[in-house]
Amino acid sequence: METLLGIDYPTWWFLVVGALFSGYAILDGFDFGAGAWHMFFRQNKSRETALKAIDPTWHGNEVWLVIGGGTLFAGFPVFYGTLFSAMYTPFILFLLFIIFRGISIKFRNMEEMLWWRRMWDWSYSISSIMLAFLLGVVLGNILNGMPLDENYEYVGRGFFEFLNPFSILVGLTSLALFMMHGAIYLLLKTEGKLFNRIQGFLNKGMAFFIIAYLITTVYGFLYLDHLLVVFEENKILFVVPLLVFLSIANVPRLASKKQYGWAFIFTSITISLLLVVVAFELYPRLLLSNPSIENSITIYNAAASIKTLKIMMGFVAIGGPLVLLYSYFVYKTFWGKVKLDQDSY
Amino acid sequence: MDVEILSRIQFAFTVAFHYIYPPLSIGIGLIMVVFESMYLRTKKKEYEVLAKFWTKIFAITFGIGVVTGIVMEFEFGTNWATYSRYVGDIFGSALAAEGIFAFALESSALGVLLFGWNRVKPWVHLVATWAVFLGSMFSAVWIVVANSWQQTPAGYHIVGEGMQARAEIVDFWAMVFNPSSVDRLTHVWLGAFLAGTFLILSVHAYYILKGRYVVLSKKAFKITLVVAAISSLAQLFTGHSSAEGVSENQPAKLAAMEGHFEKSAPADLYLLGWVDKEKQEVTGLKVPGGLSFMLDQDFETPVTGLNAFPEEDRPSQVNAVFQFYHLMVAIGMFLIALSLFALWQWKRGKLFEKKWLLWTFVFTAILPQLANQFGWFAAEMGRQPWVVYGLLRTSDALSKSVQANQVLFSLILFFVVYLILFLLFVYLMNKKIKSGPDSDIDFDEGSLNKEIAEVISK
Numbered sequence: 001m002e003t004l005l006g007i008d009y010p011t012w013w014f015l016v017v018g019a020l021f022s023g024y025a026i027l028d029g030f031d032f033g034a035g036a037w038h039m040f041f042r043q044n045k046s047r048e049t050a051l052k053a054i055d056p057t058w059h060g061n062e063v064w065l066v067i068g069g070g071t072l073f074a075g076f077p078v079f080y081g082t083l084f085s086a087m088y089t090p091f092i093l094f095l096l097f098i099i100f101r102g103i104s105i106k107f108r109n110m111e112e113m114l115w116w117r118r119m120w121d122w123s124y125s126i127s128s129i130m131l132a133f134l135l136g137v138v139l140g141n142i143l144n145g146m147p148l149d150e151n152y153e154y155v156g157r158g159f160f161e162f163l164n165p166f167s168i169l170v171g172l173t174s175l176a177l178f179m180m181h182g183a184i185y186l187l188l189k190t191e192g193k194l195f196n197r198i199q200g201f202l203n204k205g206m207a208f209f210i211i212a213y214l215i216t217t218v219y220g221f222l223y224l225d226h227l228l229v230v231f232e233e234n235k236i237l238f239v240v241p242l243l244v245f246l247s248i249a250n251v252p253r254l255a256s257k258k259q260y261g262w263a264f265i266f267t268s269i270t271i272s273l274l275l276v277v278v279a280f281e282l283y284p285r286l287l288l289s290n291p292s293i294e295n296s297i298t299i300y301n302a303a304a305s306i307k308t309l310k311i312m313m314g315f316v317a318i319g320g321p322l323v324l325l326y327s328y329f330v331y332k333t334f335w336g337k338v339k340l341d342q343d344s345y
Numbered sequence: 001m002d003v004e005i006l007s008r009i010q011f012a013f014t015v016a017f018h019y020i021y022p023p024l025s026i027g028i029g030l031i032m033v034v035f036e037s038m039y040l041r042t043k044k045k046e047y048e049v050l051a052k053f054w055t056k057i058f059a060i061t062f063g064i065g066v067v068t069g070i071v072m073e074f075e076f077g078t079n080w081a082t083y084s085r086y087v088g089d090i091f092g093s094a095l096a097a098e099g100i101f102a103f104a105l106e107s108s109a110l111g112v113l114l115f116g117w118n119r120v121k122p123w124v125h126l127v128a129t130w131a132v133f134l135g136s137m138f139s140a141v142w143i144v145v146a147n148s149w150q151q152t153p154a155g156y157h158i159v160g161e162g163m164q165a166r167a168e169i170v171d172f173w174a175m176v177f178n179p180s181s182v183d184r185l186t187h188v189w190l191g192a193f194l195a196g197t198f199l200i201l202s203v204h205a206y207y208i209l210k211g212r213y214v215v216l217s218k219k220a221f222k223i224t225l226v227v228a229a230i231s232s233l234a235q236l237f238t239g240h241s242s243a244e245g246v247s248e249n250q251p252a253k254l255a256a257m258e259g260h261f262e263k264s265a266p267a268d269l270y271l272l273g274w275v276d277k278e279k280q281e282v283t284g285l286k287v288p289g290g291l292s293f294m295l296d297q298d299f300e301t302p303v304t305g306l307n308a309f310p311e312e313d314r315p316s317q318v319n320a321v322f323q324f325y326h327l328m329v330a331i332g333m334f335l336i337a338l339s340l341f342a343l344w345q346w347k348r349g350k351l352f353e354k355k356w357l358l359w360t361f362v363f364t365a366i367l368p369q370l371a372n373q374f375g376w377f378a379a380e381m382g383r384q385p386w387v388v389y390g391l392l393r394t395s396d397a398l399s400k401s402v403q404a405n406q407v408l409f410s411l412i413l414f415f416v417v418y419l420i421l422f423l424l425f426v427y428l429m430n431k432k433i434k435s436g437p438d439s440d441i442d443f444d445e446g447s448l449n450k451e452i453a454e455v456i457s458k
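Chains A and B are the protein sequences, given in the same order.
Numbers 1 to 345, taken from UniProt numbering, label the letters of the first sequence in order.
Numbers 1 to 458, taken from UniProt numbering, label the letters of the second sequence in order.
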C-alpha cells in the first residue's frame, strides 16, 4: 500500500479525522460545558454574560463538527453509513439538540419577556447537556462494538441497546469533562461575583469528572477486554494513560493556584489525550463487530480510494492552516472579559 | 408507508425547509456588502444604518440556515447509508471541501460581522462582511457540485459489485466541473440573489408605503432594484443554458418537464398545462414545436420523449415535474417584467408614486422563494428513479438497518420542530422589520418636514 512518510493513507486519514474531532471536542466542548452550567446562574445578568462569552465564537466551533462529519463521510464512507444508520435515533436526537442549542443562543435576547428568556435558557441548557451526553454515548458504543453482518450492516436491537451501562458512563464522563472545561472557559471570560460563583462550579465539575472518569475506567477494565489488548501487547503504550492521569491531576492543581489559562490548556490536553487513548484502543479498527468479529469495520475496509484520500490530504494541508488562522483572528478580536453592552443581536 | 417513501419525504422536507434560508443569506449578504462598502467610501451615515439593519435580519436567516444545514449531512448517513458508501469518495469529498474552504470562513467571520462593530476597525469589519458573503457563495459552489455530480456523474469509475459497488474519483476536476455544475451553480447563485434582493425590496417598499424611513428606504430600494433587475435578467440565460444541459445529459427529465412522451418527435413548449400520464396527453396552452425551437432553433427537430425510456427508468411524477418547472419559469418571467417595469418608472421619476407597484413589491418577496423551491423540486423529482443518475436507484440507496417506525418518528419530530422554527422565524422577522433600523439621525422626510414646520411656526 502506498505510504506517505512511512505511514499508509488510511492511517493518515484516521489521524486527520481524529484530530478534527479532538478539535471539535475542545472547542464546542466548552460551549456545551458553559451551556450545562447555564441554569445554575440565577440572575438574568449572569446568564446574559455567560451567553455572551460564547456567542461570537460558537458558530466557528460548530464548523469543526461539519468538517469532521464531512471528512469522516469522505474518508471512511462504509463506517459513516453503518454508524449513522445503526445509531439512527441517537443521531436524530443529536440533530434536534444542535438545532435548539443554536437557536436558543440566537433568539434568547431578541425579546425582553421573562417567560421568553426562561424558555430559551432551559432549551439552551438542556440541549447543551444532552449534546455532551450523546457525544459520549456514541463514543461509548463505538468502543463497545455492535453486531454487524457481512455487509457491515447493523443487525442489533436498536435504540435501547445503545443505552448500555458502559456507553451511559462514557456519556456522563464526557458531560463532566465538558462541564469542567466549560467552567474554566467561563472563568476566563467573567469577573466579579459571577467569577467567584463559577469558581465554586469548577470545584464541583472537577469532582464530578474525576469520579465519572474513574468509574468508567474501572468498568472498562472489568468488562471491555478488547480495549486493553493493545496496551497488553505494547507495554510502552501505558505511558499514554499515565499522561492522561497527570494531565487530569494538573487541572485541580492549577485551579487551586488560580492559573485558569493554564488550567484551560490542560483540560484541552486532557480531551486530546483521552481521544489518543481511544485511538489506540480502536486502531486499526473503527467499529468492532460483536459477536462476529470478522465483520468488524477497519480503516482499510472502510476507506475511500487512495486517490480521494490524497486529494483530501491536500484540502487539509491548505484549508487547515486557514481555519486555524480564522479562529485565531476571531478569538483575538473577542479576547478578554465579557462586557455587556449594546452590540448584541 | 415504507422506509423508502418516508425517508424521501423526510429528506425532501428537511432540505426544502433548509433552502428557505441560505439563499436569503447569500442575497442579503450581497446587499450588505454593497451598503457597507458605500458607507466606507462615502462615510454617509445612512449606509451604515442600512448595513446594520440588514445585518440584524441576516443574523436570523443565517442562524436558522446553519442549524438546519447540519441535518442533511447527518441524514446521508442515517437514512441513506448505502448511498453514503456508494458516493462517499466523491460526494463526501465535496462536502468536506465545503466545510474546510467555505463554511469555516463564513462561520468564523460571522462573529466579527455580528459583534465586531465596536471592536475592529471599519475596514476590518468590511473584510469580515465580505468573508461571510464569499464564504456563503463558496458553500453554494461545493454543495451544487456535489448535487450536480448526482445529476451528471463524471470523473469517476465504479469499483466492486452488488452491495460492495462504489464510485471512486478518477479525475477530480472532471468531477468538480461535471457537465451540469457551472450552469446549475450560476442558476443557484442568481436564485439566491433574487431571494435576498426581493426581500429587501419588499421591506423597503413597505416602509415607504407606511411613511417610515422614507428617504433611507428610497435609497436602499433603488440600489437593490438594480441588483434585482440584473439578476432576474441573467437568470433567463442560466436557466436556458441549464435546460439545454438537461436535454443533453438527462433527456428523460427534460421530457418530463415539458410532458413530452413520443419517442422522437418535434416537442411543444407549454406556457401552462396539465399532464395526463395514462393517456400520455398534455392539455394546455402551447407553442407547437417550441421546445424543439428552443433547443435547436428549428421547430421540426425531434426531441427524445419519455417513451424512449423503459418504464422503470422514467420519472414517475411527470405532472408534478411539469408543474414545478412551469411555475418556476412563470415566476422568473414575472420577476423580470416587474423589475424592468420598475426601472422604467424610475427613469420617468415615478417609481415611488404608484402605490400598487410598491404593494406588488411587498408581496413579491415570497415569489423567488417559491421559484427556488419549485426549481429544486423539478430538478430532483425529474432525476428519479435515480439518486445518482443512471448509476444508483433511489430505492437501492437506503439504510438497510433502519425501520419504517424509526423514520416515521424522526419525520414527526422534524415536522414539529421545523414548524416551531418557522413560526419563530416569521415572528422575529416581523418584529425586526416593524421596529426598523436603529438610527439616532432621523432620515424621515415626514418627521423632518414636521420639525421644519415646528421651527417655522415658532
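Simulated from the structure, these hints should not be mistaken for lab results.
Don't take each hint at face value.
As a list, the in silico BS3-like pairs of lysine-lysine whose alpha-carbon atoms are at most 30 Å apart [claimed, not checked]: (1) B/Lys210 / A/Lys52; (2) A/Lys332 / B/Lys52; (3) A/Lys339 / B/Lys400.
Pulled from the structure, derived: some chain A residues nowhere near chain B, Cβ distances all over 10 Å [what the hints assert, rightly or not]: (4) Thr3; (5) Phe40; (6) His59; (7) Phe94; (8) Lys106; (9) Ile210; (10) Val230; (11) Gly320.
From the three backbone atoms N, C-alpha and C, an ideal C-beta is built for every residue, glycine too.
Here is how each hint holds up against the structure:
{"no.": "1", "hint": "B/Lys210 / A/Lys52", "in the structure": "violated, 35 Å"}
{"no.": "2", "hint": "A/Lys332 / B/Lys52", "in the structure": "holds, 23 Å"}
{"no.": "3", "hint": "A/Lys339 / B/Lys400", "in the structure": "violated, 52 Å"}
{"no.": "4", "hint": "Thr3", "in the structure": "holds, 19 Å"}
{"no.": "5", "hint": "Phe40", "in the structure": "holds, 25 Å"}
{"no.": "6", "hint": "His59", "in the structure": "violated, 4 Å"}
{"no.": "7", "hint": "Phe94", "in the structure": "violated, 8 Å"}
{"no.": "8", "hint": "Lys106", "in the structure": "violated, 4 Å"}
{"no.": "9", "hint": "Ile210", "in the structure": "holds, 32 Å"}
{"no.": "10", "hint": "Val230", "in the structure": "holds, 27 Å"}
{"no.": "11", "hint": "Gly320", "in the structure": "violated, 7 Å"}
In summary, the structure is inconsistent with hints 1, 3, 6, 7, 8 and 11 from the numbered list given earlier, while agreeing with the others.
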